[in-house]
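Visitor: Chain by chain, the residues:
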Amino acid sequence: MTVPDEILPPELLDGLDDLEWAARMVARGLGPGIHTSPFVGQGEEFERHRPYQQGDDLRHLDWRLLARTDRLHVRRFREASNVHTVFVVDASASMDFAGTGGDVTKLRYAVLLAAALGYVARSGGDVLGLVIPGGTRGTPATILPPRPGRERWKAFLHALQATGPGRLDTTSPESGPVQGGLPGSLAVALEESAGLLPRGGRLVVLSDFLDGQDVDGVLRTPGELRARGDDGVAIRILTPEGLGEAGGEHALWTDPEHPERSLPGTPGRDPGYRARLDAYYDAVSGPLEALGVSWYEARSTDPPLPLVRRWIREGSGRRRR
Amino acid sequence: MIELARPAYLWAGAVLASVPVLLHLLRARERVRKPLPTARFLTPDPRRRVRIHRRPDQILLLLLRMSIAAAIGAAFAGPRWIGPANGTATVVVVDAGAATRPVWEAVRDLAGPDGPADRLELALVRPGDAGAPTLVRLDSELPGRESWTELAPDEQAGEVRLGHLLRALRDVAGRSTGVDSLSARIVTVPGWAAWGPGVRELRDSLWPGRIELVVPAVPRSPGTEPRAQTVVVQADAPLRALVATALAVLGVAADTLATGAGAEADGDDEADADRVVRLRVGREESLGPLWQAAPPTGPEADSQDGSAPGPDREAEAGSEREAGPEADERRPPDSTAAAASGRSAVADAFLLLDGRVLPGAGSPPRGIPSPGSTVPLLRTGGRPAAAARVGALDCDIALPLTPGAPILGSGDLAVLLDAVLREACGVAEAAGAEEAWRALLERDGTGAGDRSRAGSDPNGRVAAADVRGARAGLSLTRLLLALALAMGVAEIWTTRRMHDRRSRSAVEDRR
Numbered sequence: 151m152t153v154p155d156e157i158l159p160p161e162l163l164d165g166l167d168d169l170e171w172a173a174r175m176v177a178r179g180l181g182p183g184i185h186t187s188p189f190v191g192q193g194e195e196f197e198r199h200r201p202y203q204q205g206d207d208l209r210h211l212d213w214r215l216l217a218r219t220d221r222l223h224v225r226r227f228r229e230a231s232n233v234h235t236v237f238v239v240d241a242s243a244s245m246d247f248a249g250t251g252g253d254v255t256k257l258r259y260a261v262l263l264a265a266a267l268g269y270v271a272r273s274g275g276d277v278l279g280l281v282i283p284g285g286t287r288g289t290p291a292t293i294l295p296p297r298p299g300r301e302r303w304k305a306f307l308h309a310l311q312a313t314g315p316g317r318l319d320t321t322s323p324e325s326g327p328v329q330g331g332l333p334g335s336l337a338v339a340l341e342e343s344a345g346l347l348p349r350g351g352r353l354v355v356l357s358d359f360l361d362g363q364d365v366d367g368v369l370r371t372p373g374e375l376r377a378r379g380d381d382g383v384a385i386r387i388l389t390p391e392g393l394g395e396a397g398g399e400h401a402l403w404t405d406p407e408h409p410e411r412s413l414p415g416t417p418g419r420d421p422g423y424r425a426r427l428d429a430y431y432d433a434v435s436g437p438l439e440a441l442g443v444s445w446y447e448a449r450s451t452d453p454p455l456p457l458v459r460r461w462i463r464e465g466s467g468r469r470r471r
Numbered sequence: 060m061i062e063l064a065r066p067a068y069l070w071a072g073a074v075l076a077s078v079p080v081l082l083h084l085l086r087a088r089e090r091v092r093k094p095l096p097t098a099r100f101l102t103p104d105p106r107r108r109v110r111i112h113r114r115p116d117q118i119l120l121l122l123l124r125m126s127i128a129a130a131i132g133a134a135f136a137g138p139r140w141i142g143p144a145n146g147t148a149t150v151v152v153v154d155a156g157a158a159t160r161p162v163w164e165a166v167r168d169l170a171g172p173d174g175p176a177d178r179l180e181l182a183l184v185r186p187g188d189a190g191a192p193t194l195v196r197l198d199s200e201l202p203g204r205e206s207w208t209e210l211a212p213d214e215q216a217g218e219v220r221l222g223h224l225l226r227a228l229r230d231v232a233g234r235s236t237g238v239d240s241l242s243a244r245i246v247t248v249p250g251w252a253a254w255g256p257g258v259r260e261l262r263d264s265l266w267p268g269r270i271e272l273v274v275p276a277v278p279r280s281p282g283t284e285p286r287a288q289t290v291v292v293q294a295d296a297p298l299r300a301l302v303a304t305a306l307a308v309l310g311v312a313a314d315t316l317a318t319g320a321g322a323e324a325d326g327d328d329e330a331d332a333d334r335v336v337r338l339r340v341g342r343e344e345s346l347g348p349l350w351q352a353a354p355p356t357g358p359e360a361d362s363q364d365g366s367a368p369g370p371d372r373e374a375e376a377g378s379e380r381e382a383g384p385e386a387d388e389r390r391p392p393d394s395t396a397a398a399a400s401g402r403s404a405v406a407d408a409f410l411l412l413d414g415r416v417l418p419g420a421g422s423p424p425r426g427i428p429s430p431g432s433t434v435p436l437l438r439t440g441g442r443p444a445a446a447a448r449v450g451a452l453d454c455d456i457a458l459p460l461t462p463g464a465p466i467l468g469s470g471d472l473a474v475l476l477d478a479v480l481r482e483a484c485g486v487a488e489a490a491g492a493e494e495a496w497r498a499l500l501e502r503d504g505t506g507a508g509d510r511s512r513a514g515s516d517p518n519g520r521v522a523a524a525d526v527r528g529a530r531a532g533l534s535l536t537r538l539l540l541a542l543a544l545a546m547g548v549a550e551i552w553t554t555r556r557m558h559d560r561r562s563r564s565a566v567e568d569r570r
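One line per chain: the protein sequences are A and B, in this order. Going by my numbering, the letters in the first sequence line up with residues 151 to 471, in that order. Going by my numbering, the letters in the second sequence line up with residues 60 to 570, in that order.
Hints are computed from structural coordinates only; laboratory data are not their basis. Worth double-checking, as some hints may not be accurate.
[As the list claims (entries may be wrong)] Just a sample of chain A residues kept apart from chain B, beta carbon distances all over 12 Å, derived:
no., residue
1, Asp168
2, Glu197
3, Arg200
4, Pro201
5, Gln203
6, Asp212
7, Arg214
8, Arg225
9, Val233
10, Arg378
11, Gly379
[What the hints assert, rightly or not] Result set (SDA-like, lysine to any residue): computed pairs, CA atoms no more than 20 Å apart in a straight line:
no., chain 1, residue 1, chain 2, residue 2
12, A, Lys304, A, Asp168
13, B, Lys93, A, Pro409
14, B, Lys93, A, Glu399
15, B, Lys93, A, Ala396
Backbone N, C-alpha and C define an ideal beta-carbon position, used for all residues, glycine too.
Work out the full structure, taking the sequences as your base and the hints as a guide.
Guide: Structure follows, in structure tokens:
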């Protein structure tokens, strides 16, 4: 049974303390059969026991269980798909923005979306990794290399949950608060994540791509990854106000990443604003799509379910090479 | 109706109340700052007018601040509740003594109200046998001329002191309660002996309205026309009018006022005149020699002659003054009678009544100021500011003008007159005449010169009314200050509430 989109608005998911639960709700909202069953066989992650059948490899026989129960059972493991997926969640200052009418910031929306997509990807056997930019020196604040296992999944969720303004920088021994990133930090994070991916991996970037100081740097890493055969997914997250769909009030607007920059205007009534915005994102998405990177656009006020459904329908960001 | 003791503070409060308006307008010009990560794509629109946020609590805050300032200003303005609008009343007290007998018909013309009055209270004060005057209340309408003539004082009537008139004024005015304004008028021809306590009474009394002293021009002897005196004023126009007014208050009838400095009355006028008073108004530098030539005055000078000063010396002084050689030349015989009757010309009388002996070379030994001697009339900052110079028959009142000093105006006139009269009181007090006045005042209970005694006057309706007015003003002031305090608390509460809301809004905007 498919769950209507409006049942899982971002405000509801944001209110859930357990990020895994929120991700599971999104995944279950997709309906049965949408996500693939886990591969059971060779792997590192224990899945379940199964009664011994003739022909089973005796190396997988659970001798301890045989000693306790006098029955023959073999251990089944979750088989990894060997697809390493690294999520890059932009935690820069521009992501810490919800707009006038929104309750969920772009960063929180990216976290929820990354958890839901990670859940779906892990269900498909992917090995998850996570890179969160926003370190105090422009370096990533969080780096989780892709590894299989439930512990990594827990760490993945924990790192996502800890992402946000005022949260701890998990990579720094001093563990200072992360107050947004530095210009160019997304490009650095992408370079860092590229080093974590083996060939045939997948890079998923959730950002507003407003790292305006280094657009070329943002475009460079996906290009390199595509060149070696990796998959790339770019999810642009914007608020309605950022899209010019709201913000009818005239004010002095300040760029959070560059507080010294302020411009008076009315985004909701500025036709040139939307034109320049579209031109900017065309300049970002065009080269990425030309490289074969999947480009998704999300609005921070929309339920994440349609995007996840589209993600699965389009092959989880995998493209035929 | 509410009367303000210090209306200027109300204007100050209005100016103070405009400050919050200016501050609100200035703060409204500040742009609203909001975060927008895509701000770089905006088209700059600085020309458009920034919409001003006007929340109800901001308007409330503005009104509160304006009200606080206005309330403080109104409180300091000294509001007094003077009752509902009940029109105006005119209280006229007529001196029915010897002073006004020669001009009794003229007094009637001065006793009537100048304009329309809602109420007229008319009373005559007749001298009593034992010094206590008799108050005769008349109807609320001015009597006809025949009836007025019947009310004229007889030839044996004595003097009515100004203190008696003031006390009568209080008694009569006490019946005119509840009116918006009270015009009090005293019609008299005051002699110098009556001025001392009267002036103090005027100065010390808290009168709710305005007291108008009407002094008719009177001849110095019965049957003589008022033009019997000639006053020659040598002064510029404003000062000439000033001095003429001063002389009118002093009881000197000024019929002829020569115009321009150096003007002189012609010989015929002087010959026909009862006496000639020359007034000279000059600048300070021209009066310098006058100050320097002024003989020592004061108790030391008084003690030189060793004589007992007092009213008894008036006749002696008058007779001695007549003995001067110049007096024979310039004073008509009528003035002798005037001096003998105690109604001598005020300019001289002032100097004679003080009983002071001014030593001078070749002058008569006692009671008469030497020709050319100077008596200071006004003191400013401890130095004489004006002086009366005594000639044989003339009295020059010298009003120095300090270069750069403003021209004396109407307000200065009041100060000048008060100072002249104060000086007269002081001179008379030094001469011992105060004792007689004090005895008189203690007898009639006016308590002149003592505000506490004036307030304890058993018949002091004015004093009581003032206390009531003061209490009403105090309660209104307290009420306004309490209101300002309450509004201040409300202002603080509103400000904190707005600050909290602004902080929450900032957090939400940041999200």
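Visitor: Hint by hint, work out which the structure violates, then give me just those numbers in ascending order.
Guide: When the structure is compared with the hints, none of them turns out to be violated.
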